[in-house]
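Peer 1: What follows is the residue order along each chain.
2 protein chains.
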Amino acid sequence: MEYVFGIDVGGTSVKLGLFTTAGDLLDKWEIPTNTAEGGKAILPDIAQALRHKMEERGIQSAQVKGAGIGVPGPVTADGIVDHCVNLGWGVVDITKEMERLTGLPSRAGNDANIAALGEVWQGCGKGYQDVLMVTIGTGIGGGLVLGEKIVTGATGSAAEIGHICVNPMETESCNCGNQGCLEQYTSATGILRMAKKRLAQEDTPSMLREKEHLTTKDVLDAAKAGDPLAAEVVDRMARIMGMALAGCCAVTDVALIIIGGGVSKAGAFLTDAIQSYYRKYAFHTQKETAFKLAELGNDAGIYGAARLMI
Amino acid sequence: MEYVFGIDVGGTSVKLGLFTTAGDLLDKWEIPTNTAEGGKAILPDIAQALRHKMEERGIQSAQVKGAGIGVPGPVTADGIVDHCVNLGWGVVDITKEMERLTGLPSRAGNDANIAALGEVWQGCGKGYQDVLMVTIGTGIGGGLVLGEKIVTGATGSAAEIGHICVNPMETESCNCGNQGCLEQYTSATGILRMAKKRLAQEDTPSMLREKEHLTTKDVLDAAKAGDPLAAEVVDRMARIMGMALAGCCAVTDVALIIIGGGVSKAGAFLTDAIQSYYRKYAFHTQKETAFKLAELGNDAGIYGAARLMI
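Top line first, the protein sequences correspond to chains A and B.
Yeah, the first sequence ends on 391 if you go by my numbering, and it's all consecutive.
Yeah, the second sequence ends on 391 if you go by my numbering, and it's all consecutive.
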């Protein structure tokens, strides 16, 4: 039997998984992400964790096909990352460094792309070749898989769909420096921002006015309960997301769109609304593009990272 | 020496090219497109033209690597087209039919995708792997090449960027049936439509009011000459196109955007404006994406079709 490691590096913890090359997850665990001193301990810590796991299970290097790794930043096809703000990294040749530290073959990718690959390998995307995954969380992540391979892009930033400009009239800036990005309207932060703005600008009655510390979940719950202002905010979010996804499909013509991330758990009222707006705006041959909810949750990253080595 | 044929089927004529496998165009000629009776003579006419050319030059079948063909409609990865309105075709298995008629290996693709591949092989895209080409003509065509391969898409409609919705408030319908498509603002037809609409709705003085039969060229010429209304129409076109291309790049992160088609010949004032709006709306790692004007003109299709066989 051959093994493969899948590693998903986040800002607070690193998730690690030991897989068979057939795709069975044998073991998973976490270690803290040490971002001190430019995050210089992160890769050595990972290498040590892999060594310990191999000793614990009596696995020899020759039995391991490699260690794939996903990181929160743009990664080129060569495995070089240029700035991972959350890790403290500047330019890091991840593949080379990992191979030096572990003695195992390695490949690296962007975490959102890797998650999409994981879903295609062992999640809701099984059997699909061309998939776009959108992760609706604090921000908007995107992953593009064509022909069962990650599309990396010239600058390692393919599928950065959270930064498609959807409103050229926007005056507030996105974290990326531009104005009017998809993320400003459709992420958890974006939904909350839109709700707060309307509550401040209008007198419309709303159950949201009773909340002292308004959260995105409050807005989604109120929309589900029929609060008109909250429902309009969520409808706007769904319309903007549906239209942007239709635009992404006009370019890529994927067979499946996977929706993941915390906000996607709000329920069918939200994802159905996104799909219905998608259909409205999609090119006629693409109106029946499949929509599925992500299945692997937080494990999508380690699955996808492992898949990189197979 | 080995040969390859490249064929580009249009609504009025079929362009044919004989190439060496090294990419030299040895001969090119045209035959009329016979769209009578559901276009049933089109492929047999092409097969006959290839046979004649081979006889004329004393080329044996064994010396021909194949005949690639581009058609104006969505073509799947298997070479099946589902409706080419301009040719009168319903569902046609082009690859199979061409191989049966010619005895040569064949592959088929969408004409806009094929043109992009041609530019990457022997035109302004030489040396680039990941390219998006936009053809600004009567409509808006798009071709996407990633890793030097055409992206076909699940329904054969990848890179249909003319039908990205850029204005959800639009009430007039696009030819595709949707409202607010990129093509409605940025094609030759779209530019003329915007100008006519403004001339009808406003009293703004403009040299365009003197024209009896206004054309897109009149609008572009007036804009270049400083006519304010025409300049605003062209500026709007450039802004909408630049923003849409930035969105396309957020998804694909290509290294090069190629602009082709009749309207692209209006000059640098137009293409520079598109690029400048592109930079404004592009994701920060993608602001320096290269822009080039297409080089192969009407021959891009036969080049790309030939390249399919190599």
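Don't read these hints as lab results, they were simulated from the structure.
There may be inaccurate statements among the hints.
Okay, the calculated bits of chain A under chain B, using three or more residues with CB under 8 Å as the criterion [what the hints assert, rightly or not]:
1. 225-237
2. 242-249
3. 329-340
4. 366-373
All C-beta atoms in this analysis are idealised placements derived from N, C-alpha and C, irrespective of residue type, glycine included.
Peer 1: Hint by hint, say whether it matches the structure.
Peer 2: Evaluated hints:
A count of 8 residues in the stretch 225-237 of chain A with a Cβ less than 8 Å from any Cβ of chain B is obtained; the coverage claim is therefore met, three being the minimum. Under a criterion of three residues with beta carbons nearer than 8 Å to beta carbons of chain B, the stated coverage of the stretch 242-249 of chain A is upheld, 5 such residues being counted. Check result for the stretch 329-340 of chain A against chain B: holds, 7 residues qualifying (beta carbon to beta carbon below 8 Å, three or more required). With a threshold of 8 Å between beta carbons, the proposed coverage of the stretch 366-373 of chain A by chain B holds, since 3 of its residues qualify and at least three are required.
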